[in-house]
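*Asks:* Just so you know, the sequences run in chain order A, E and D. The first sequence maps to residues 1 to 236 in the working numbering. The second sequence maps to residues 1 to 97 in the working numbering. The third sequence maps to residues 1 to 551 in the working numbering.
Calculated directly from the structure, the hints in this document are not laboratory data. Every residue gets a Cβ at the ideal spot worked out from N, C-alpha and C, and that includes glycine. It is possible that some hints are incorrect.
Per label pair, the in silico range of CB-to-CB distance [what the hints assert, rightly or not]:
1) D/Phe155 - A/Leu119: 39 to 45 angstroms
2) D/Leu27 - A/Lys197: 28 to 34 angstroms
3) D/Gly139 - A/Ala141: 40 to 46 angstroms
4) D/Asp72 - A/His153: 45 to 51 angstroms
5) A/His235 - D/Phe323: 39 to 45 angstroms
6) E/Met88 - A/Leu122: 30 to 36 angstroms
7) E/Ala92 - D/Phe373: 43 to 49 angstroms
8) D/Trp531 - A/Ile193: 46 to 52 angstroms
9) D/Leu27 - E/Trp62: 42 to 48 angstroms
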Amino acid sequence: MPDSTLVGLHHEEQHHPELLHHFAEPQQQRDAASLGMWVFLATEVMFFGGLFCAYLIYRRWYFGDFGAASKTLNATLGATNTAVLICSSLTVVLAVWAAKTARRTLLLVSLGITLLLGLAFLGIKGVEYKDKFVEHHVPGASFSFDKVPLPGHPGQYANPRHAQIFFSLYFIMTGLHALHMIIGLGLFLWLLIMAWKGRFTPEYNTPVEIGGLYWHFVDIIWIYLFPLLYLIDRHP
Amino acid sequence: MSEHSKSSPLKMYFGIWITLLLCTYITYKAAFVELGQYNAAVALGIATLKATLVALFFMHVWHASEKLTKLVVIVALFFLLLLLGLSMSDYATRLWS
Amino acid sequence: MSMPTTIPQPVERENYLNKEYGVWSWLLTTDHKRIALLYLVSITFFFFVGGFFALLMRLELLTPAGDLVQADTYNKLFTMHGMIMVFFFLIPSIPAVLGNFLVPLMVGARDLAFPRINLLSWYLYIIGGVMMMHCMLTGGVDTGWTFYAPFSTNFTNTKIVEAGLAIFVAGFSSILTGLNFVVTIHRMRAPGMTWSRLPLFIWAHYATSIIQLLGTPVIAVTIVLVAAERALHLGIFDPKLGGDPVLFQHLFWFYSHPAVYIMILPAMGVVTEIIACFSRKRIFGYSFVAFSSIAIAVFGFLVWAHHMFVAGISIYSALVFSFLSYAVAVPSAIKVFNWTATLYKGSIHYDAPMLYAFGFLGLFTMGGLTGLFLAALGINVHVTDTYFIVAHFHYIMVGGAVMGYLGGMHFWWPKISGRLYPEGWARLAALIVFIGFNLTFFPQFLLGYMGMPRRYYDYSHMPEFQVLNVLSTAGATVLGVGYLLPMVYFLWSMRYGKPASDNPWNAAGLEWKTASPPPTFNFDEEPVVTWEAYNYEELDAPHKREVPVAR
Chain A
1 MPDSTLVGLH HEEQHHPELL HHFAEPQQQR DAASLGMWVF LATEVMFFGG LFCAYLIYRR
61 WYFGDFGAAS KTLNATLGAT NTAVLICSSL TVVLAVWAAK TARRTLLLVS LGITLLLGLA
121 FLGIKGVEYK DKFVEHHVPG ASFSFDKVPL PGHPGQYANP RHAQIFFSLY FIMTGLHALH
181 MIIGLGLFLW LLIMAWKGRF TPEYNTPVEI GGLYWHFVDI IWIYLFPLLY LIDRHP
Chain E
1 MSEHSKSSPL KMYFGIWITL LLCTYITYKA AFVELGQYNA AVALGIATLK ATLVALFFMH
61 VWHASEKLTK LVVIVALFFL LLLLGLSMSD YATRLWS
Chain D
1 MSMPTTIPQP VERENYLNKE YGVWSWLLTT DHKRIALLYL VSITFFFFVG GFFALLMRLE
61 LLTPAGDLVQ ADTYNKLFTM HGMIMVFFFL IPSIPAVLGN FLVPLMVGAR DLAFPRINLL
121 SWYLYIIGGV MMMHCMLTGG VDTGWTFYAP FSTNFTNTKI VEAGLAIFVA GFSSILTGLN
181 FVVTIHRMRA PGMTWSRLPL FIWAHYATSI IQLLGTPVIA VTIVLVAAER ALHLGIFDPK
241 LGGDPVLFQH LFWFYSHPAV YIMILPAMGV VTEIIACFSR KRIFGYSFVA FSSIAIAVFG
301 FLVWAHHMFV AGISIYSALV FSFLSYAVAV PSAIKVFNWT ATLYKGSIHY DAPMLYAFGF
361 LGLFTMGGLT GLFLAALGIN VHVTDTYFIV AHFHYIMVGG AVMGYLGGMH FWWPKISGRL
421 YPEGWARLAA LIVFIGFNLT FFPQFLLGYM GMPRRYYDYS HMPEFQVLNV LSTAGATVLG
481 VGYLLPMVYF LWSMRYGKPA SDNPWNAAGL EWKTASPPPT FNFDEEPVVT WEAYNYEELD
541 APHKREVPVA R
């Protein structure tokens with residue numbers, strides 16, 4: 001049960017069912033869990049930071065080729081996915097509020113919609129990946145990017161090798177982001193089950209709160225990935 | 001959150017949500033307009049605005065009762081900028097002579 | 001102090017060691033003290049594996065000709081030595097063993113904030129370790145521990161991906177340890193334990209945790225890039241395909257330079273505790289020592305490119321990094337001066353932990369000062385990839401971190417095991433380690449300065465290097481004996497050592513106010529702190545001044 005380990009909130013004792021033995025009071029346990037998640041998110045910032053660093057350096061070096069490669073991505077689907085994630089962030093924040101104010105129906109509905117939106121995001125992402133696969137834009141032996149015009153330089157073509165670097169970073173960055181989405185979906189499925197069992201009360205709702213922090217963070221990563229990857233040099 | 005539980009935060013949440021959607025629409029549309037080097041600035045500026053809104057209001061950094069949360073956010077951003085800034089400064093100055 | 005620990009001892013009090021028995025009571029424990037012992041056993045294993053490789057290398061270098069092993073075997077020896085020592089010994093050594101054991105005790109908590117995550121971090125370490133051992137036994141890696149691209153990504157046919165994954169997993173173990181420490185130090189302090197009353201060991205571990213948390217993810221993602229590049233030839237680090245191998249070095253050293261401070265900061269924390277105790281004085285300049293730890297953690301992130309002066313980075317960037325590398329020496333020097341000032345007019349006791357602390361003080365200073373040579377662009381270019389570098393970082397990592405680790409193990413062994421180690425043997429071992437260390441590594445400074453490159457298995461074109469190499473190999477043998485001795489007498493003392501009192505050194509600090517060994521939840525009642533850190537003047541005040549430190 002990695003989720004409960006992460007959250008650090010399993011229980012053995014009888015009186016305060018959710019208070020672990022080594023904490024003095026529930027408030028201390030809540031604060032510890034919340035700080036733990038924030039600190040973890042700081043490490044996640046650096047994890048994606050390494051990728052952003054590599055991306056920004058190559059984008060500056062090979063701006064034209066990156067623009068040409070970026071143009072082959074489906075910006076409408078990317079924008080749709082951004083909207084999907086923003087909506088899911090709304091439902092997450094509603095879920096947190098519902099848990100704190102003991103609105104069981106709203107909590108269950110919000111968590112459920114969040115799950116659906118997360119799945120929708122992954123579905124759209126899958127469609128995009130499939131398109132790239134069909135177009136031979138997946139880096140590797142079958143990669144091809146021949147005769148793609150360089151934006152702003154009529155008659156010139158993008159360098160396929162530099163475009164391959166773009167697509168490598170595209171797949172690694174969106175792939176790791178998707179992996180975080182999948183972990184988030186697992187986390188929210190667990191939250192939904194716990195909420196169904198009525199485990200969350202206005203006194204005890206830390207898992208919803210810090211699960212929400214994680215979800216918003218994954219949303220923020222996408223908020224940056226969308227313009228950086230899809231909208232490099234779109235204008236005609 | 002406790003000091004805010006009296007007035008329902010729903011209005012704020014929906015307001016932020018609408019703003020975020022609007023921003024996404026603007027980013028999307030602005031990308032197709034010729035702005036020269038400002039295209040990237042607009043796109044990243046709006047992304048930063050959106051990320052800030054999510055962090056401040058959805059992740060409750062704004063209303064965090066403790067300074068510690070804000071500190072963690074600032075420290076993470078500081079080290080991220082170190083990584084980006086110091087390594088990119090190498091690339092930016094390689095061709096100077 | 002009105003602490004509950006003055007109750008007369010029954011024959012065997014219930015403590016964390018005898019509360020439960022059996023394999024599962026250890027493998028499923030969430031007690032930070034037991035997890036510390038799990039780490040102790042595992043890192044000791046890896047220490048001797050890594051040490052074995054070092055010994056083989058030293059044997060090869062005994063003669064100028066490459067006669068003991070082949071070139072590619074030698075490449076694998078130094079690679080596996082580096083990878084195991086850095087990622088599986090030095091980085092977890094003090095934090096995961098002594099830190100795990102002591103952080104909750106020192107802040108007055110019943111456990112770390114997330115005990116299950118603590119156990120998970122040990123399992124991740126073991127999974128990483130098993131992968132690394134498997135990688136090693138089925139062929140190993142020959143790139144050097146830095147696995148520079150594009151050699152690692154395009155050319156070598158050894159097991160880069162598996163070794164990378166092992167380091168990736170072990171890295172998450174390190175992140176989780178750091179996360180636990182940060183949250184514990186913020187949230188679990190006992191009443192009255194303000195930040196300015198925290199032992200400096202805690203400050204050092206807090207600073208270490210910052211590096212673990214913010215540096216490790218960058219190397220994790222670098223490993224992802226290397227693995228992807230190797231599998232699919234993406235071109236991210238391959239100049240033939242438009243990539244930049246220097247980018248790999250940037251990302252690698254962004255973690256791996258601060259990683260040096262992951263190793264040395266906890267040792268500084270240990271030494272601070274020992275010097276205060278065995279000088280019977282309050283530490284000089286508490287807040288300077290505390291904040292210099294944080295400063296080292298932050299500055300440590302600003303200097304990474306001094307590993308890359310010859311790699312083709314911009315000269316302007318190199319100038320900035322050279323300057324910043326000088327700057328990081330300032331907080332380290334602040335510490336050395338404060339330790340020295342603490343010794344001044346102290347009533348110094350030369351027990352084994354203090355001997356290690358003295359060793360640390362001298363060797364770290366040498367390592368640090370030669371680090372300043374390397375911060376200077378001109379000398380750096382001259383000695384890059386020579387034995388000068390090897391000697392320099394071994395003075396920091398072995399002379400610094402391992403000395404600190406051994407000193408700490410001796411200092412807290414009575415608390416950990418409830419037994420006293422044999423003091424005479426311990427002093428002898430400390431002496432042997434110090435002599436063996438200097439004999440091993442000082443000649444390497446000279447070799448490097450004369451121009452012997454590192455990572456060469458054959459120097460038959462330069463036979464005049466042999467004298468110094470023989471000295472170094474002889475020293476390594478002495479050093480090996482010095483390392484085996486503590487293991488032997490620690491094990492011996494677990495059965496035959498004299499039972500330790502709760503506070504055999506008459507030391508300050510909450511960890512000494514509970515039983516030796518401590519009960520499972522550390523304190524019989526929650527401690528309330530009303531005194532400042534290192535209140536040795538008070539401890540020794542009216543009548544206790546004559547009481548020497550226990551043997």
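*Asks:* Regarding D/Asp72 and A/His153, is the given constraint of 45 to 51 angstroms on their beta-carbon distance met?
*Replies:* Hint holds: Cβ distance 48 angstroms, inside 45 to 51 angstroms.
*Asks:* Against the range 46 to 52 angstroms, how does the distance between the Cβ atoms of D/Trp531 and A/Ile193 compare: consistent or not?
*Replies:* About 49 angstroms separates the Cβ atoms of D/Trp531 and A/Ile193, which means 46 to 52 angstroms holds.
*Asks:* Given the hint of 43 to 49 angstroms, check if E/Ala92 and D/Phe373 actually sit that far apart at their C-beta atoms.
*Replies:* violated, 29 angstroms
*Asks:* Falls inside 39 to 45 angstroms, the C-beta gap from A/His235 to D/Phe323?
*Replies:* holds, 42 angstroms
*Asks:* If I claimed the Cβ atoms of D/Leu27 and A/Lys197 lie 28 to 34 angstroms apart, would that claim hold in this structure?
*Replies:* holds, 30 angstroms
*Asks:* Taking the CB of E/Met88 and the CB of A/Leu122, does the distance hold inside 30 to 36 angstroms?
*Replies:* holds, 32 angstroms
*Asks:* Does 39 to 45 angstroms hold as the CB distance between D/Phe155 and A/Leu119, or does it fail?
*Replies:* holds, 43 angstroms
*Asks:* Given the hint of 40 to 46 angstroms, check if D/Gly139 and A/Ala141 actually sit that far apart at their C-beta atoms.
*Replies:* With a Cβ separation near 25 angstroms, D/Gly139 and A/Ala141 fall outside 40 to 46 angstroms, so the hint is violated.
*Asks:* Is the hinted range of 42 to 48 angstroms satisfied by the C-beta distance from D/Leu27 to E/Trp62?
*Replies:* holds, 45 angstroms
Of the hints listed earlier, those the structure fails to meet are numbers 3, 7, in rising order.
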